[in-house]
Amino acid sequence: MKFIKPKLKLTTILVIVLVVIAALFPLLVKDRFTLSILVEAGVMCLLALGFAAVLRSGQLSLGQAAFAAIGGYMAAIMATKISAPFWLALLGGGIASAVIAFLLGIVILRIGGLCFSIATLALGEIAVIVFRNWDQVTQGFTGIAVNAPLIRIGGTVIDFTNTIIPYYYIVLLFIVAAALIFWRINQSRLGRISRSVAVSPILSEHLGMYLTKYRVLMFVLAAFITGVGGAFYVYYGAWIGPTLFSGTLSISLLIMCVIGGLWSPVAGPIIGAVIYTYLGTLMQMRLEGLRPLVFGLLVIVLVWILPNGLVALQYKFPIWFKGLYRKLARTG
Amino acid sequence: MALLELRDVKKRFGNLIALDKIDLDVHPGEVVGIVGPNGSGKTTLLNVISGYHRPSEGTISYEGQKIAGLRPDKIAALGIVRTFQQNIIYWDAVILENVIRACYLANRTNLWQSFFNSRSYVAEEAGIREKAVDIVKTFGLADYMYSPAPGLPHGKQRSLSMAMALAANPVLLLLDEPLAGMDAAETELVAGNIKKIIERGVTIMLVEHNIKSVLRLCNRIIVLDFGLKIADGKPEEVLKSQNVVEAYLGVD
Numbered sequence: 000m001k002f003i004k005p006k007l008k009l010t011t012i013l014v015i016v017l018v019v020i021a022a023l024f025p026l027l028v029k030d031r032f033t034l035s036i037l038v039e040a041g042v043m044c045l046l047a048l049g050f051a052a053v054l055r056s057g058q059l060s061l062g063q064a065a066f067a068a069i070g071g072y073m074a075a076i077m078a079t080k081i082s083a084p085f086w087l088a089l090l091g092g093g094i095a096s097a098v099i100a101f102l103l104g105i106v107i108l109r110i111g112g113l114c115f116s117i118a119t120l121a122l123g124e125i126a127v128i129v130f131r132n133w134d135q136v137t138q139g140f141t142g143i144a145v146n147a148p149l150i151r152i153g154g155t156v157i158d159f160t161n162t163i164i165p166y167y168y169i170v171l172l173f174i175v176a177a178a179l180i181f182w183r184i185n186q187s188r189l190g191r192i193s194r195s196v197a198v199s200p201i202l203s204e205h206l207g208m209y210l211t212k213y214r215v216l217m218f219v220l221a222a223f224i225t226g227v228g229g230a231f232y233v234y235y236g237a238w239i240g241p242t243l244f245s246g247t248l249s250i251s252l253l254i255m256c257v258i259g260g261l262w263s264p265v266a267g268p269i270i271g272a273v274i275y276t277y278l279g280t281l282m283q284m285r286l287e288g289l290r291p292l293v294f295g296l297l298v299i300v301l302v303w304i305l306p307n308g309l310v311a312l313q314y315k316f317p318i319w320f321k322g323l324y325r326k327l328a329r330t331g
Numbered sequence: 000m001a002l003l004e005l006r007d008v009k010k011r012f013g014n015l016i017a018l019d020k021i022d023l024d025v026h027p028g029e030v031v032g033i034v035g036p037n038g039s040g041k042t043t044l045l046n047v048i049s050g051y052h053r054p055s056e057g058t059i060s061y062e063g064q065k066i067a068g069l070r071p072d073k074i075a076a077l078g079i080v081r082t083f084q085q086n087i088i089y090w091d092a093v094i095l096e097n098v099i100r101a102c103y104l105a106n107r108t109n110l111w112q113s114f115f116n117s118r119s120y121v122a123e124e125a126g127i128r129e130k131a132v133d134i135v136k137t138f139g140l141a142d143y144m145y146s147p148a149p150g151l152p153h154g155k156q157r158s159l160s161m162a163m164a165l166a167a168n169p170v171l172l173l174l175d176e177p178l179a180g181m182d183a184a185e186t187e188l189v190a191g192n193i194k195k196i197i198e199r200g201v202t203i204m205l206v207e208h209n210i211k212s213v214l215r216l217c218n219r220i221i222v223l224d225f226g227l228k229i230a231d232g233k234p235e236e237v238l239k240s241q242n243v244v245e246a247y248l249g250v251d
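Residue numbers (numbering that gives the first Met the number 0), protein chains in the order written: chain Z, 0 to 331; chain B, 0 to 251.
Mixed in with the good hints there might be a few duds.
Unchecked claim - Here are the computed lysine-lysine pairs in the DSBU-like style, where the Cα-Cα straight-line distance is at most 30 Å:
#1 K73(B) - K9(B)
#2 K212(Z) - K130(B)
#3 K212(Z) - K73(B)
Said to hold, decoys possible - Far from chain Z, by Cβ distances over 12 Å, these chain B residues were calculated:
#4 F12
#5 P27
#6 L188
#7 S212
#8 K233
None of these hints come from the bench; they were simulated from the model. The C-beta atom is built at its ideal place from N, Cα and C for all residues, glycine as well.
Required output: the full structure, derived from the provided sequences and hints.
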């Protein structure tokens, strides 16, 4: 078998252990509040993974929240108007975002860079205005209420109303799938091309790479995953309105990636999103008005010590604990 | 038949005419040196051919196909590859990875095959890696194969950008001041590398200030002055021509 390598690498084992811990977590911790933070963090992971994918193709998107909202509205409309099942609504949300990203991308990604950032920023604002005012479709400020998903597995209906554990597992499944996809992309040729295009567009172009094609590809892929994440979040919260995915979310995604590590395709965004959401919620409760100040200072300190984010700890630890490491290396 | 044909090519930037009525035929196997004072349009000429700029007027054909105004990646895929005046390289990667990235046009498998790590993709990757290693060795960078590109000395970076250009399988290679800012040893090294490319049968157009090297490498010289082609021919004839002497030295 080609897929099973005889020797498992340390990182592979670590990842498997982490996924198992995450899968067993709801059995150990029954606290609904902690789980709800984690589900939210899970959605942020999906959005951050998308954001990071665009960033790694050299483009800074400041309108990712709009794609989450487009996916969310699409799913909500499908669920209420044609009573589409849960999975179909999520898929519809992803596709709606991807289509918008494609149409926008083939125009503004020809230029890319700052123009792209400004255009996506504008998209975020335009999207909010459209959602607020297109009453027939989006129901304005009232928003759309969505019923809990109905999923049957072998005849038993899964309970989505009294517990949030099913949401937890669905989002975990999505994260694992998205992480696998982006990890494979990063390993494969598309990752190499994407890095080339990001680091030196002019050189890449003269070596035969069609910049727009690869930028659009990454942008559309990111929009799809962001759309699915947004749609899921709408089911989870049972409601979508123009205020659900605000412009600040787009900036938060950037901060998450900075915390986790801007140059890491998978681990960085996930670590960043979980820490950002968890710490953010805790601080919101304890510090209230002081939260932005304290959080901002923390981020500054982090960037100062670890400019490449928390994933860089794997290189920093050996430097900080040299002696201990040597001892470990000798014995183990 | 000429490999590259420029007819009446003109490039304007606002009111400035950077290239004016350029007629030029480049034949297979030629090594054409393009010389001229600063601002005479040498780099613009390369930019127009490589697709970085679209000519304002005129036609450029390559192997009989019109290429004026095509995107740079399309032109590169046809076999016209260029290097840059600055050392533009992938600063995030080691030397070997730089060259592997430059082999982009050699890829035949598609992105799906690559995503699923299919057998044909793995085989192709191995082949490309082998080719890249080979090119890195040819250009005297074997000792630096796994060093990060930004730390290299200027001369080695130049060699690297030439190695990358060769990795893209050029038929016609446009070199923009490959010897600029180099000491004697580095000049020797890079000129040697250009010779290696010539030996592989690649047609070359070379913009250069260093006349000595141009005389050594090229079998034809074109002189530009204020966007006009003022001389074209064998090196020894061109250097004696009255126009050229006037353009370079001025006449009382």
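(Q) So if I understand the rule, the pair passes when the alpha-carbon distance is 30 Å or less; does K73(B) with K9(B) pass? (A) The given pair, whose Cα atoms are some 21 Å apart, holds under the 30 Å limit.
Compute the least Cβ-Cβ separation between P27(B) and chain Z, then decide whether it is above 12 Å.
-> Correct as stated: the minimum Cβ-Cβ distance to chain Z is 21 Å, above 12 Å.
- Message: If we take the beta carbon of F12(B), is the closest beta carbon in chain Z still more than 12 Å away?
- Response: Given a closest Cβ separation of 18 Å, the condition holds.
| Holds or violated: K212(Z) with K130(B), Cα cutoff 30 Å? | Measuring from Cα to Cα gives roughly 26 Å; hence the hint holds.
### Query
For K233(B), which was marked as not at the interface, is the minimum beta-carbon distance to chain Z over 12 Å?
Fine: 30 Å to the nearest Cβ keeps K233(B) off the interface.
query = Does the no-contact call for L188(B) survive, Cβ to all of chain Z over 12 Å?
reply = holds (22 Å)
For S212(B), is the shortest CB-to-CB distance to chain Z above 12 Å, so the non-interface label stands? holds (23 Å)
Self-check item: Restraint check for K212(Z) with K73(B), where alpha carbons must lie at most 30 Å apart
Solution: The given pair, whose Cα atoms are some 13 Å apart, holds under the 30 Å limit.
Of the numbered hints listed earlier, not one is contradicted by the structure.
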